[in-house]
Amino acid sequence: MSAFLAALLLQSGYNAALVAVGATLLGLAAGAAGTFMVLRKRALVADAMAHATLPGVALAFLVMVALGGEGRALSGLMVGAALTALLGLLAVEALTARTRLPEDAAIGATLSVAFGAGIVLLTVIQTLSAGQQAGLEGFLLGSTAGMLRADAMTVAAGGVIAGAVIFALRRPMTVVAFDEGFATASGIDVRRTDLATMLLVLFVTVAGLRIVGLVLIVALLIIPAVAARFWTDRVSVLLLVAAAIGGLSGWIGTALSAAAPGLPAGPLVVLTATAIFVLSLLFAPRRGAIARAVATRRGAPRLDRREGALWVALRHADPNSPLLSRDDGRTPLSALLPPDRLAAIEGKA
Amino acid sequence: MNAIGRFPEVLPSIEESPLAIRGLSASYDGKPAVLDADMTVVPGTLTAIVGPNGAGKSTLLKAALGLSPRQSGEVTVFGQPLARMRHRLAYVPQRASVDWDFPVRVIDVAMMGLHRELGLLGRVKPRHRARAEAALQRTGTLDLAQRQIGQLSGGQQQRVFLARALAQGADLFLLDEPFAGVDAATEETIMDVLKSLRDEGKSVVCVHHDLSTVADYFDRVLLLNRRVLAEGPAPVVLTTRNLQATYGGRLSAGQLAGVA
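Sequence order for the protein chains is A and B. Sequential numbering of the first sequence, starting at 1, is according to the working numbering. Sequential numbering of the second sequence, starting at 1, is according to the working numbering.
Don't read these hints as lab results, they were simulated from the structure. From a predicted model like this one, the values you see are computed outputs, not experimental measurements. Every residue gets a Cβ at the ideal spot worked out from N, C-alpha and C, and that includes glycine. Check each hint, because a few of them may be wrong.
[What the hints assert, rightly or not] Covered stretches of chain B, going by a simulated chain A footprint (3 or more residues, C-beta under 8 Å):
| id | stretch |
| --- | --- |
| 1 | 62-69 |
| 2 | 100-111 |
| 3 | 115-123 |
[What the hints assert, rightly or not] Once the Cα atoms are required to be at most 25 Å apart in a straight line, the calculated DMTMM-like pairs of lysine to aspartate or glutamate come out as:
| id | chain 1 | residue 1 | chain 2 | residue 2 |
| --- | --- | --- | --- | --- |
| 4 | A | K41 | B | E74 |
| 5 | B | K31 | A | E103 |
| 6 | B | K31 | B | D101 |
Assemble the whole structure, with the sequences as input and the hints as a guide.
Shown next as structure tokens:
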């Protein structure tokens, strides 16, 4: 526990502190970018992109080795990851637009094909470099061991850029996610806005490969936004709360990882985010499960029995009444009828 | 300008018309939905697009606005191509087209009408907020401004959608089924607002399905069933013959008598 506290307070060495700061910035960016992705209901597309990074990482490694380089340079691996992730995104869009496959099937197909190709390449690399460990498995579940200052700076820079882009595009992204028809009609380019959202997600995914890993990065995009939704009804606040939850998850998760070096960082970061989600689900005011249970017990019954009875009485009293077409389960009859007629019907109810 | 109700009428030229559609064809889910439709909106009028279910009423509007693909056809707004004139039109989609659990408040939805003016980085100034609030006031939803939109009744949601369009400060308003599933008070409020817009010289087009109210609410009517069957002043267009041609055998004598 004390090792955990030391890591949390950035006291367990230079390297661990670097990782903690990098993971926190990554979490901030993932929470914010993930908010728009979740609002636009594109979360699974991000999962396909994340899995499609693996062949890119492996290919980039092979290319860098072939060119006589180190092979493990993070920036080079990230470029490879970004390229194949982009291919994955294009594959999902093309399959959805050009074939009869629904989007979920297109996502499943792309995800498994890309991941399969990546695993094959990874195995090839392992047999090639029998003596020296390539260490690419760390990209699957994330690892914080041996992270360099330059690596942390790369991740941090990615987080800052993503934050700036989100700030600039928050209005069109909100309108497009809420009401696509209105957005198009008022001149917002929906396709370009969607593309920007997904590129942002891709950017965060690639930045997060090293720490969280490609299998679980999508969780760090989704969970903060979903957890934050319990606390607010406004997109602007949702963005900030989701970013905070993401940042907190990165920080606490990597501290846990530093305290227990055998455990991979990615799952710990994601489990931390999940813990925050569960706390939000239970304890958030108004939208939380407990607050709702209390409100239901205290408050009025959900179905207004008297209103329901009035509509039924009207249906009996005057089966041809034009008012009956207005019975949408929401409109009170008292809003439609003068009090004296209402009283007459109520007498029968 | 032509007098409403006079026929044969002089239609405005394409340059004068707030919305002129020529030869528009569009399909929906691969099936032809609208064929070779023409429409000429007359400035300063309330126009209804009327027809049976599946007649392509919403598709006509959406295809004209570029919200759904069209096979052919020209659309001009105030004589210019649509892309250059989007700032002069306001579109109110069907209420069922959005997720009402979305995390926005009523005031946020009204502010969306000002996004174009604000641009990407423009700061929201008091005058912007005042305009959004005035739009909510006009639709009787200002006291709901801080509520999450999912907490509103269907009628209140529809009025907030109208408020967002008002905040845009447009000259042409296009509404898709604004009276679907709303309470009587809302219907009255919306109609009052639309009439006052018309009286300010703006033009309003509604997709409408309630035959019993068309003649009362609208100055002009376009009858649509895949093709345009008639377009003109409401009293001229709403004849038994036209309605039967539009609805086929689907109208009862009672329904016809109420309109024509």
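Status of the hints after comparison with the structure:
Restraint check on the stretch 62-69 of chain B versus chain A: 4 residues with Cβ-Cβ distances below 8 Å, three needed, restraint holds. Residues of the stretch 100-111 of chain B with a Cβ under 8 Å from some Cβ of chain A number 6, which satisfies the need for three, so the listed coverage holds. Coverage of a stretch by a chain is defined here by at least three residues with a beta carbon nearer than 8 Å to that chain's beta carbons; for the stretch 115-123 of chain B and chain A the count is 5, and the condition holds. Taken as a hint, the A:K41 and B:E74 pair is broken in the structure, with Cα atoms around 34 Å apart against an allowance of 25 Å.
Distance hint between B:K31 and A:E103 is fulfilled; the C-alpha atoms sit about 22 Å from each other, no more than 25 Å. A distance of roughly 32 Å separates the Cα atoms of B:K31 and B:D101; the hinted pair therefore is violated under the 25 Å criterion.
Hints 4, 6 from the list above are not met by this structure, while the remaining hints are.
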